[in-house]
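Following the hints, position chain U against chain W.
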Amino acid sequence: MKTEFSRFILGLTAAFALPWLLLIVLPYYQLSTIEPELYSEEDEVDAAASYPPAWTGASSDGESVYASSGCIYCHTQMVRPTYAGVDMWRKGWGGNEEDGLARETRPQDYSGDSYAMLGYMRIGQDLANVGTRHTDRAWYHLKLYNARTQVVDSNMPSYKNLYRKRLIDGQVSDNALKLEGRFAVEEGYEVIPTEKAEALVDYLLSRKMDAKIPGQGVEKEVAAASTDK
Amino acid sequence: MSETMQEASVQDVQERSVIDRSVRYPVLFFFTAAAGWLFLATLLGFASSLKLAAPELWDACPWLGYGRLFPAHMDALIYGWGMQAGFGVMIWLMARLCRVEVKNATTLIVAGNVWNVAVLVGVLSVWGGYGTSMPWIYFPAFLWPALFLSYSVISGTLLMMFKRRRGGEAYVSQKYIFGAALWFPWIYATANLILHHTGGSAVMDAGVNAWFMNNLIYFWFIPVGLSSAYYIIPKIVGRPIYSYQLAQVGFWALAVLAGWTGFNRFLGGPFPSWMPAIGGAASILILIPVAAVAVNFLGTMAGRTSLMHYSPSLRFTVFGGIMFNLYGVFIALSSYFDVSRYLQFSYATVGFDILIIYGFFSMVIFGAIYFIVPRITECEWPSGKLIRFHFWYTSYGIITIIVFMIAAGLAQGGAINDWSGDFMDSVRRGNGYVVALAIAWALISMANLAFYYQLLLMFFGWGRKTEGPTLIHKKPGEAMSAEAAAGFAKEETA
Numbered sequence: 001m002k003t004e005f006s007r008f009i010l011g012l013t014a015a016f017a018l019p020w021l022l023l024i025v026l027p028y029y030q031l032s033t034i035e036p037e038l039y040s041e042e043d044e045v046d047a048a049a050s051y052p053p054a055w056t057g058a059s060s061d062g063e064s065v066y067a068s069s070g071c072i073y074c075h076t077q078m079v080r081p082t083y084a085g086v087d088m089w090r091k092g093w094g095g096n097e098e099d100g101l102a103r104e105t106r107p108q109d110y111s112g113d114s115y116a117m118l119g120y121m122r123i124g125q126d127l128a129n130v131g132t133r134h135t136d137r138a139w140y141h142l143k144l145y146n147a148r149t150q151v152v153d154s155n156m157p158s159y160k161n162l163y164r165k166r167l168i169d170g171q172v173s174d175n176a177l178k179l180e181g182r183f184a185v186e187e188g189y190e191v192i193p194t195e196k197a198e199a200l201v202d203y204l205l206s207r208k209m210d211a212k213i214p215g216q217g218v219e220k221e222v223a224a225a226s227t228d229k
Numbered sequence: 001m002s003e004t005m006q007e008a009s010v011q012d013v014q015e016r017s018v019i020d021r022s023v024r025y026p027v028l029f030f031f032t033a034a035a036g037w038l039f040l041a042t043l044l045g046f047a048s049s050l051k052l053a054a055p056e057l058w059d060a061c062p063w064l065g066y067g068r069l070f071p072a073h074m075d076a077l078i079y080g081w082g083m084q085a086g087f088g089v090m091i092w093l094m095a096r097l098c099r100v101e102v103k104n105a106t107t108l109i110v111a112g113n114v115w116n117v118a119v120l121v122g123v124l125s126v127w128g129g130y131g132t133s134m135p136w137i138y139f140p141a142f143l144w145p146a147l148f149l150s151y152s153v154i155s156g157t158l159l160m161m162f163k164r165r166r167g168g169e170a171y172v173s174q175k176y177i178f179g180a181a182l183w184f185p186w187i188y189a190t191a192n193l194i195l196h197h198t199g200g201s202a203v204m205d206a207g208v209n210a211w212f213m214n215n216l217i218y219f220w221f222i223p224v225g226l227s228s229a230y231y232i233i234p235k236i237v238g239r240p241i242y243s244y245q246l247a248q249v250g251f252w253a254l255a256v257l258a259g260w261t262g263f264n265r266f267l268g269g270p271f272p273s274w275m276p277a278i279g280g281a282a283s284i285l286i287l288i289p290v291a292a293v294a295v296n297f298l299g300t301m302a303g304r305t306s307l308m309h310y311s312p313s314l315r316f317t318v319f320g321g322i323m324f325n326l327y328g329v330f331i332a333l334s335s336y337f338d339v340s341r342y343l344q345f346s347y348a349t350v351g352f353d354i355l356i357i358y359g360f361f362s363m364v365i366f367g368a369i370y371f372i373v374p375r376i377t378e379c380e381w382p383s384g385k386l387i388r389f390h391f392w393y394t395s396y397g398i399i400t401i402i403v404f405m406i407a408a409g410l411a412q413g414g415a416i417n418d419w420s421g422d423f424m425d426s427v428r429r430g431n432g433y434v435v436a437l438a439i440a441w442a443l444i445s446m447a448n449l450a451f452y453y454q455l456l457l458m459f460f461g462w463g464r465k466t467e468g469p470t471l472i473h474k475k476p477g478e479a480m481s482a483e484a485a486a487g488f489a490k491e492e493t494a
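Which chain is which? The protein sequence lines are W and U, in order. Going by the working numbering, the letters in the first sequence line up with residues 1 to 229, in that order. Going by the working numbering, the letters in the second sequence line up with residues 1 to 494, in that order.
Pulled out of the complex, with its shape left as it was, chain W reads as follows (with noise of 0.2 Å):
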């Protein structure tokens, strides 16, 4: 009875315990290492770069109000090898194509995040690469404010608290937004957005996760997309 006992609790614990180890903990520890690769002169990128690549800017405010606002919930930041999807074939979701750069995410691409935001559906467009897709600023606060002003049947939810209305003080200010038709406010006042609005945008425009792989020729990546299985 007490010998069938400990062996019961052993079995359990071994159950679980393997594949956490296997699956959670050692990967953890491997992926968390990887070091910054150099690029070769072959892969003509300049001399100071590696991969990944160094972040600039404070994306992290941004990454914050990304979460609490609950984007994940429709937009992925993942971009499938054929394999397993179409999404390289839709233009610009996996990064700058004319430059040929083109390709699936890897785990380092995200290296500039705490959390890295794959997504749970994808009711968006998969936004790894929308910073390479659009790069005006007015473009994003408008979409947030409300994205029917772009797209007509669009159901993205529209952030009006990341942004301001207020009486315009003499002059129109630079970042107010262009509102027309159905959605312009009141005469005399404008809208801008708030920094919470603008570390949302750079947050978005950082969303370029096309970075030359060093050692990779480019066409050799796409190739290798495929017989990665």
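In case anyone wonders, no lab produced these hints; they're calculated from the structure. Mixed in with the good hints, there may be bad ones.
[Said to hold, decoys possible] To give an idea of the chain W side of the interface with chain U (calculated C-beta under 8 Å), a few residues:
#, residue
1, Ala15
2, Leu31
3, Val45
4, Ala67
5, Cys71
[Stated by the list, open to error] These stretches of chain W come out as covered by chain U in the derived footprint (C-beta under 8 Å, 3 or more residues):
#, region
6, 96-109
7, 170-178
Where is the CB? At the ideal position from N, CA and C, for every residue including glycine.
Chain U in isolation, oriented as in the chain W frame:
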């Protein structure tokens, strides 16, 4: 196990009523608090789906955006309702099957209060814009130790009960409860430590998160739900479980396979490719324990399925059992690239999560609650009609959600995969189905209102009073008559 077989002696009956009285307050506490959360959770489900269908509704109020309503809804559903109702069932079942009294009822209630306060703070934070967006770990970082501690007290009690148990070999229900009690703190601590307190790989954070979701399903919701089903079904049809060996095989197969799943939520994701692959393989192999459960339940009920017409407990449990099998099949299918390329990240993701948490787990737990509460309150459910209402509105709602979310997933995923088409096609195609989602949650909310109302009546002792000692159904009510007819009344009065 032996319980179902033997005629209960007078001594047994007395013993049971002593045990039932010892667990009465904690179990009732957990059930009633959970039912309140459930009502809130389904209302939030309704509001969040409405927001998908009508995105400009309540536009000015950030609290009512989809990005906050949805996580608040899942939180209330998982931590407020699911786990809490599960605690009640675990405690009652463990006491009943181990034939031991609960000596620390007050401690359990204190732990339960800590749990509720923590969940309340958590849901309000998510709602107020302090959520983490890490699926199912939405609560701000400072809350997890409170939930962890509270759970540890409850699981410690359960483990000790098992250790003190009387009678021979442990029944499979006890094993499932024991497993769930032991595994969860480990899973929860691992996920929270990694996600909140270490600055390691951002990608692994997301992977660990997915692993946590699947582990919560396979190492907690499924074991607790099955422990209840393995008790209720034999009990009500009045015969032992069809095959004990099969139950054992199912138990161990699930235990060995479950921990490997999770990364398959990100097939093709930025991980070493063996990680999602092994998750997919394990999800397919989990069909073995799923089949074991199906065969066992069918074998046990063979020839006596008509009891479902009368017994609410059996009816809810069997519905849950069917949903469990469906879940196993769907998840196995979506582990293939040919399916995942369409369904991964589509509305079907929510459909599957609701299928297991609501369609399976919650339904089985309703069954258990309809069985347990009369025994601990010593009165009968006031209205069989309201129970039927609860059952039908919930089942229509759940079936609607599952059918429509999978259809929406296919429509939406299909449009995304048609890479030459406009992206907005996928949004437009998904939109119609979302209306059905909102209607389904409205139906389910109504059903839960009926459930909550009846449970509150029972809580305050305003149920229908029966004559004689506990557990004897001398004057069986409408809904209970079948249970009486089914033999356990005979067994308990003997």
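These are the hints, each one checked on the structure:
{"no.": "1", "hint": "Ala15", "verdict": "4 Å, holds"}
{"no.": "2", "hint": "Leu31", "verdict": "4 Å, holds"}
{"no.": "3", "hint": "Val45", "verdict": "21 Å, violated"}
{"no.": "4", "hint": "Ala67", "verdict": "4 Å, holds"}
{"no.": "5", "hint": "Cys71", "verdict": "6 Å, holds"}
{"no.": "6", "hint": "96-109", "verdict": "holds (count 5)"}
{"no.": "7", "hint": "170-178", "verdict": "violated (count 0)"}
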